[in-house]
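J.: These protein sequence lines map, in sequence, to chains G and U. Every letter in the first sequence is one number past the one before it in full-length UniProt numbering, and letter 153, counting from 1, is 153. Every letter in the second sequence is one number past the one before it in full-length UniProt numbering, and letter 77, counting from 1, is 77.
To be clear, the hints were calculated from the coordinates, so they are not data collected in a lab. Heads up, some of the hints might be wrong.
Stated by the list, open to error - Below are the DMTMM-like pairs computed for lysine to aspartate or glutamate, each with C-alpha atoms no more than 20 Å apart in a straight line:
#  : chain 1 : residue 1 : chain 2 : residue 2
1  : G       : Lys74     : U       : Asp48
2  : G       : Lys174    : G       : Glu126
3  : G       : Lys107    : G       : Glu122
4  : G       : Lys78     : G       : Asp22
5  : G       : Lys78     : U       : Asp220
6  : G       : Lys74     : G       : Asp64
7  : G       : Lys57     : U       : Asp221
8  : G       : Lys55     : U       : Asp220
9  : G       : Lys24     : G       : Asp209
10 : G       : Lys78     : U       : Asp221
11 : G       : Lys261    : G       : Glu231
12 : G       : Lys55     : G       : Asp67
13 : G       : Lys107    : G       : Asp75
14 : G       : Lys57     : G       : Asp9
15 : U       : Lys148    : U       : Asp48
16 : G       : Lys261    : G       : Glu236
17 : G       : Lys21     : G       : Glu6
18 : G       : Lys16     : G       : Glu6
19 : G       : Lys78     : G       : Glu122
20 : G       : Lys74     : U       : Asp221
21 : G       : Lys116    : G       : Glu126
22 : U       : Lys233    : G       : Glu126
23 : G       : Lys55     : U       : Asp221
24 : G       : Lys24     : G       : Asp9
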Amino acid sequence: MTNVLEVEDVTVGYGKKAILKDFKMRIPKGRITSIVGPNGCGKTTLLHTLARAMKPKYGAVLIDGRDIFSLHTKDVAKRLSLLPQSSTAPAGLDVYDLVSYGRYPHKGAFEGLNQKDAENIEWAMEVTGIRSLGTRRLSELSGGQGQRVWLAMALAQNTDVILLDEPTTYLDMKFQMEILQLLKDLNTSAGKTIVMVLHDINHASRFSDCMIAMQSGGIISSGSPEAVMTENTVREVFDVTPVMGRCPFTQRPIIASYRLKG
Amino acid sequence: MRNMPYILTVLIATVLLAASMCLSLTSGSVNIPAHDVLGAFFYFDTYDTGHVIIREVRAPRMLAAAVTGAAFAVSGAVMQAMTRNPLAEPGLLGLNAGALFFLTIAFIFVPGLPFTYMILMSFAGALFSALIVLAAVLFGRDGMSPLKLILAGVAVSLFFSALSSAFQLHFTIGQDIAFWFAGAIQNIGWPHLAVLFPWFVIGVSIALLLSPVLTAISFDDGTAVSLGVPLNKTRLLALASVVILAGLGVSVLGAVAFVGLIVPHAARFFAGGDYRRILPLSGVLGAFLTVSSDLAARMLAAPVELPVGALIALIGVPFFLYLARRVVRYEL
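So here's chain G without its partners, still in its complex pose (with noise of 0.2 Å):
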């Protein structure tokens, strides 16, 4: 199994304080990777730095067995493209402009728009149900629109790796669920690599091919979700008392209700 992103003994942090420290991981090519941990467990950090939107102290971050500072950061983006937690947009841009920016780094400074992009432009839109919201601006719209949004800005990129912080998190039932199947399909049918940090364990163990269970910014178990989805290890991770289950629809392990240690 070849890995597209390597984490080479990273430490970052802000300012002096460091968040991640001599940090190691792979994530593996064309498969669902999903990082969980509690808050403040260094989750962004990491995704971030994967990013290079954090650049780090010492180490680095390979992207296909390359330092991803050594790209040109164009290039780069051609490859891989993340979902921050919450985006902000300028003033007064609509969504299709906003989501056609996701075409940013395919393009010349003052080219327009070809046919290409506005097939993956539609595309995105389409898939992630935005369709008729095109000349709407962002601030008329939903918490759970805007995050349809910017998730089609990011489909839009069309890109191998896509980086994602929570995607599900302003997100009805329904809708939680049509993202997550819609990011498999991706990872099925067009061989993405999805790398996305999920607030729900259970979901990370229903739709991943690998978690990453961290806390305190170093890596507790990691592995098939099998390997990750233990007693012990949920214990260890969310400091709680689980009692494990699994879903019914895959047999993946999860949780089917937990309480306080002690």
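Based on the hints, put chain U in the right spot on chain G.
T.: This is chain U only, laid out in the frame that chain G set:
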């Protein structure tokens, strides 16, 4: 198809600008008929007072108003993109205060300095304060964030304003300075324009070349990086264009923050949120606002001239309040 309404808006704005420029040549304390205006350019007669007024007074003044208005408006739009703050304007970088401080120094230590040098002093002051702000931001940790830029700018701005006030009070030159700023545009001639114009072209070119990146950088950092925007390099170039444009604007018009603040909003209102569309429209609208304000300043109380800055504020404030009511429709 998507661009049709935009192109139409730019056309209308350009026609308005052209009309105000023509009016600005024909009207004033003396009205000069259109054929004499043409005559001044095509068969200039040194003994015709009308021709001389057009060639030596009104034309350079009108062009200076257009150039500085466009410069302020474009630099304001760039500032708003770079700081992701719709209330940003070039004055936040301490440019106005720096220019004022250098002028104050010049008035005290080299009184009677020729007009061209005064303009250069004020330009140098704007550059100087911007360099201090930049140094403060770049030597900090974690690169140049928009917030750090604004904080450093406000601090430098307050510092230079305080120094200027102290000097002006001590040497009692406050009035001279005020008169200088109010009257700078009256004394503009071709040699000054020749100094300013190349800077204008450089500043506007940088800004226009950056315009696609400016929209991308006005997303949050994560999204901008994901799209392949080099954050620091882009911010540095954007800053350079702001300093050049606002610097030349301040040296001719004085601290007219309103053009840089309002015009980009007006442009956004008509053109949407993409800076590729906002920048050119801002330039045309900025020139239009300043040229027509300058015209009004000469006409309203003729033969007495009102300060242009005051008129821009008079027109600008109500318009801005109107926009502020609508701005809740954008996400701030």
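J.: Decide, hint by hint, whether the structure agrees.
T.: Cross-check of the supplied hints:
1. G:Lys74 x U:Asp48: violated (61 Å)
2. G:Lys174 x G:Glu126: holds (17 Å)
3. G:Lys107 x G:Glu122: The hint holds at about 17 Å.
4. G:Lys78 x G:Asp22: violated (28 Å)
5. G:Lys78 x U:Asp220: holds (19 Å)
6. G:Lys74 x G:Asp64: Given that 20 Å is the threshold and the Cα spacing comes to 16 Å, the pair holds.
7. G:Lys57 x U:Asp221: Given pair Lys57 of chain G, Asp221 of chain U holds - Cα atoms ~19 Å apart, limit 20 Å.
8. G:Lys55 x U:Asp220: This hinted pair holds, its Cα atoms lying about 16 Å apart.
9. G:Lys24 x G:Asp209: Holds. Lys24 of chain G to Asp209 of chain G sits at ~19 Å (cutoff 20 Å).
10. G:Lys78 x U:Asp221: OK: Lys78 of chain G and Asp221 of chain U at ~17 Å, within 20 Å.
11. G:Lys261 x G:Glu231: Within the cut-off at roughly 12 Å; holds.
12. G:Lys55 x G:Asp67: holds (11 Å)
13. G:Lys107 x G:Asp75: holds (11 Å)
14. G:Lys57 x G:Asp9: Distance of about 10 Å is within 20 Å: holds.
15. U:Lys148 x U:Asp48: violated (56 Å)
16. G:Lys261 x G:Glu236: holds (10 Å)
17. G:Lys21 x G:Glu6: The hint holds at about 15 Å.
18. G:Lys16 x G:Glu6: Violated, at about 24 Å.
19. G:Lys78 x G:Glu122: holds (18 Å)
20. G:Lys74 x U:Asp221: Measuring from Cα to Cα gives roughly 15 Å; hence the hint holds.
21. G:Lys116 x G:Glu126: holds (15 Å)
22. U:Lys233 x G:Glu126: violated (35 Å)
23. G:Lys55 x U:Asp221: holds (13 Å)
24. G:Lys24 x G:Asp9: holds (5 Å)
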